[in-house]
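A.B. asks: Sequence:
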Amino acid sequence: AIEGAADSTESAHHGSFVGAPTFHASSATGNGYGMGFGPAVSDAHVSIPHHADFVQSTFSVEFWARLDDATTNEWSTPVVKSSSNQWYDGWGFYDRQSVGRFTFWVDAYDGSPSPPASARYISIPRPSTGIYHHYVGTYDGETLSLYVDGVLAGSTAAVALTPPSTAPILIGYGGASQSGWPGAVDE
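The sequence shown begins at 7 in our numbering and counts up by one.
What the hints contain is simulated information worked out from the structure, not anything from laboratory work.
Every value quoted in this text rests on a predicted model; they were computed, and no experiment measured them.
Treat the hints with care, since some could be wrong.
[What the hints assert, rightly or not] Pair by pair, the computed Cβ-Cβ distance ranges are:
id, residue 1, residue 2, range
1, D49, S161, 30 to 36 Å
2, T77, A166, 35 to 41 Å
3, S89, G156, 28 to 34 Å
4, T77, G117, 18 to 24 Å
5, D155, A123, 30 to 36 Å
6, T149, A18, 27 to 33 Å
Don't be surprised by glycine CBs; every beta carbon is placed ideally from N, CA and C.
Work out the full structure, taking the sequences as your base and the hints as a guide.
C.D. replies: Here it is as structure tokens:
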């Protein structure tokens, strides 16, 4: 396994480096390094291949992230799983520079011109930059929720999702220009 892209759980869903992400001391948890994806606009990221384990009727996605530059990328993306760089399926998180908001979405992002009926998203004011925040996005079959630093930041009623994306999970990049994460992402 590659240091920094290894899954230490029994699932062993290891990722591969694409480009040249860097390591920043210290990590969000204080026991190692956070993976850095900036400060320059970059498509450096980690790609984790799709696996059947990722196809669930309910799910949660959890990570630590620090946004260092909220002025460079329009769609700064810490984590996404979508088969298109247009984000018409799957799920993801992004910080939108022009409106100062952080969003968790499923089935299509909130800017999609023709989202499916199942598309849902939660958009909140951008958390403070330059420090780590703990993000958890959940879908329990009825409700989509976003927690920031252990506090429910928003939720919305949801409907049954479309079949999940079979694309890889991308960490630090959303798959399109202006979607690199200018900061760090940690476990």
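A.B. asks: Against each hint, give a clear statement of whether it holds in the structure.
C.D. replies: To see whether the hints hold, each was checked on the structure:
| no. | hint | verdict |
| --- | --- | --- |
| 1 | D49 with S161: 30 to 36 Å | holds, 32 Å |
| 2 | T77 with A166: 35 to 41 Å | holds, 38 Å |
| 3 | S89 with G156: 28 to 34 Å | holds, 32 Å |
| 4 | T77 with G117: 18 to 24 Å | holds, 19 Å |
| 5 | D155 with A123: 30 to 36 Å | holds, 32 Å |
| 6 | T149 with A18: 27 to 33 Å | holds, 31 Å |
Hint compliance for this structure: every hint is met.
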